[in-house]
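Peer 1: Sequence:
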Amino acid sequence: MSFLTRLANLFRGFLSLFVSGLEKSSPQVVYENAINAMIKKFEIARNAVASIIANRQVAEQRLKKAQTEKEQVDRDLDAAVNVGDEELGTVLIQKQEQLAGIITSATADLARLSSQADESKAMLTQFKSEIERLKAERDEQLARQATAKAQIQIQDQLSGLSVDAEIRALDNVREGINQTVAKAALNSEMAGADVDERLKKLRQTAGTTNASAKFKALQAARAASENKTL
Numbered sequence: 076m077s078f079l080t081r082l083a084n085l086f087r088g089f090l091s092l093f094v095s096g097l098e099k100s101s102p103q104v105v106y107e108n109a110i111n112a113m114i115k116k117f118e119i120a121r122n123a124v125a126s127i128i129a130n131r132q133v134a135e136q137r138l139k140k141a142q143t144e145k146e147q148v149d150r151d152l153d154a155a156v157n158v159g160d161e162e163l164g165t166v167l168i169q170k171q172e173q174l175a176g177i178i179t180s181a182t183a184d185l186a187r188l189s190s191q192a193d194e195s196k197a198m199l200t201q202f203k204s205e206i207e208r209l210k211a212e213r214d215e216q217l218a219r220q221a222t223a224k225a226q227i228q229i230q231d232q233l234s235g236l237s238v239d240a241e242i243r244a245l246d247n248v249r250e251g252i253n254q255t256v257a258k259a260a261l262n263s264e265m266a267g268a269d270v271d272e273r274l275k276k277l278r279q280t281a282g283t284t285n286a287s288a289k290f291k292a293l294q295a296a297r298a299a300s301e302n303k304t305l
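Following the working numbering, the residues of the sequence shown are numbered contiguously, the last one being 305.
Calculated from the structure, these hints are not laboratory results.
Here the structure is a predicted model, which means the values were calculated and not measured.
A virtual CB, placed ideally from N, CA and C, is assigned to each residue, including glycine.
Any given hint could turn out to be false.
Derived lysine-lysine pairs resembling DSBU-like cross-links, with alpha carbons at most 35 Å apart [stated by the list, open to error]: (1) K224 - K115; (2) K116 - K258; (3) K258 - K276; (4) K291 - K276; (5) K203 - K116; (6) K203 - K115; (7) K145 - K116; (8) K139 - K170; (9) K210 - K115; (10) K139 - K196; (11) K115 - K196; (12) K170 - K140; (13) K291 - K275; (14) K196 - K140; (15) K196 - K145; (16) K196 - K210; (17) K170 - K203; (18) K224 - K196; (19) K276 - K289; (20) K275 - K289; (21) K224 - K116; (22) K203 - K139; (23) K210 - K224; (24) K116 - K196.
FRET-style restraints, in silico, Cβ to Cβ [unchecked claim]: (25) I227 - A123: 39 to 49 Å; (26) I168 - E205: 51 to 61 Å; (27) D149 - I206: 46 to 56 Å; (28) Q142 - D214: 17 to 27 Å; (29) A296 - V256: 37 to 47 Å; (30) I114 - L217: 16 to 26 Å; (31) I114 - A197: 15 to 25 Å; (32) R121 - A221: 27 to 37 Å; (33) K140 - S101: 56 to 66 Å; (34) Q142 - V104: 54 to 64 Å; (35) T165 - Q142: 21 to 31 Å; (36) T165 - E205: 53 to 63 Å; (37) P102 - K196: 27 to 37 Å.
Produce the entire structure from the sequences given, and follow the hints as far as they go.
Peer 2: Here is the structure:
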């Protein structure tokens, strides 16, 4: 398993632990623990990347040294050929082939380490971005939590300001006032009915008196008429 694969698995595994940790009752503690753990993992990964870069530098130095030595061997071999020193030329050819192998190996190692270093630095950049994103998420979520708690507190305070007792008292007052008004209206109606009854009786008495007076007047008129006839 390559370093980058291990680093990616490390990051994904850590996130899964963080998600399960969100179920705990103290989100601030969970966020802080998650961020601190990510920072520690980041430091471990950065040290590993630093080792890759150091190995790349070693490969660069080994390649440069081999190339420099080969250039010198090439010149020495030309000189040996010119003077006809076969023994020295044979040794130089062997040295030349050895250095050529080192150059090939160092070149391959350098290419591999350079690619790995570039990918590792990109992964570190992404890792660092995730840490910064998590910090921003922590601040936002904790602010939301604080706002929600404040709203709940206000709602609890408002729910404690019940006016049921005052409303019931006002209802009792209204009912008492309505009863008083109704009683006054009933008294007025009863008083009016009494006056009407007395007026009715008065009119009946007056009517009887008038009728009696008319009857007596008719009797007197008839008696007077009979006296005239006699």
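Peer 1: Each hint should be assessed against the structure and marked as holding or not.
Peer 2: Hints, one by one, checked against the model:
1. K224 - K115: 32 Å, holds
2. K116 - K258: 87 Å, violated
3. K258 - K276: 27 Å, holds
4. K291 - K276: 23 Å, holds
5. K203 - K116: 10 Å, holds
6. K203 - K115: Holds, at about 11 Å.
7. K145 - K116: 43 Å, violated
8. K139 - K170: 16 Å, holds
9. K210 - K115: 15 Å, holds
10. K139 - K196: 24 Å, holds
11. K115 - K196: 17 Å, holds
12. K170 - K140: The given pair, whose Cα atoms are some 14 Å apart, holds under the 35 Å limit.
13. K291 - K275: Within the cut-off at roughly 25 Å; holds.
14. K196 - K140: 27 Å, holds
15. K196 - K145: 33 Å, holds
16. K196 - K210: Given pair K196, K210 holds - Cα atoms ~21 Å apart, limit 35 Å.
17. K170 - K203: Violated: K170 and K203 sit about 47 Å apart, past 35 Å.
18. K224 - K196: Roughly 42 Å between the alpha carbons, so the hint for K224 and K196 is violated.
19. K276 - K289: 20 Å, holds
20. K275 - K289: 21 Å, holds
21. K224 - K116: Within the cut-off at roughly 33 Å; holds.
22. K203 - K139: 34 Å, holds
23. K210 - K224: 21 Å, holds
24. K116 - K196: Distance ~14 Å between K116 and K196 Cα, so the pair holds.
25. I227 - A123: 39 to 49 Å: Between I227 and A123, where Cβ atoms are some 46 Å apart, the hint holds.
26. I168 - E205: 51 to 61 Å: 55 Å, holds
27. D149 - I206: 46 to 56 Å: For I206 against D149, whose Cβ atoms are near 52 Å apart, the range 46 to 56 Å holds.
28. Q142 - D214: 17 to 27 Å: 53 Å, violated
29. A296 - V256: 37 to 47 Å: 60 Å, violated
30. I114 - L217: 16 to 26 Å: 18 Å, holds
31. I114 - A197: 15 to 25 Å: Once the Cβ atoms are compared, 19 Å apart, the range 15 to 25 Å for A197 and I114 holds.
32. R121 - A221: 27 to 37 Å: 34 Å, holds
33. K140 - S101: 56 to 66 Å: 58 Å, holds
34. Q142 - V104: 54 to 64 Å: 57 Å, holds
35. T165 - Q142: 21 to 31 Å: 22 Å Cβ-Cβ, so the 21 to 31 Å window holds.
36. T165 - E205: 53 to 63 Å: 60 Å, holds
37. P102 - K196: 27 to 37 Å: Given about 32 Å between the Cβ atoms, the range holds.
The earlier numbered hints that this structure contradicts are 2, 7, 17, 18, 28, 29.
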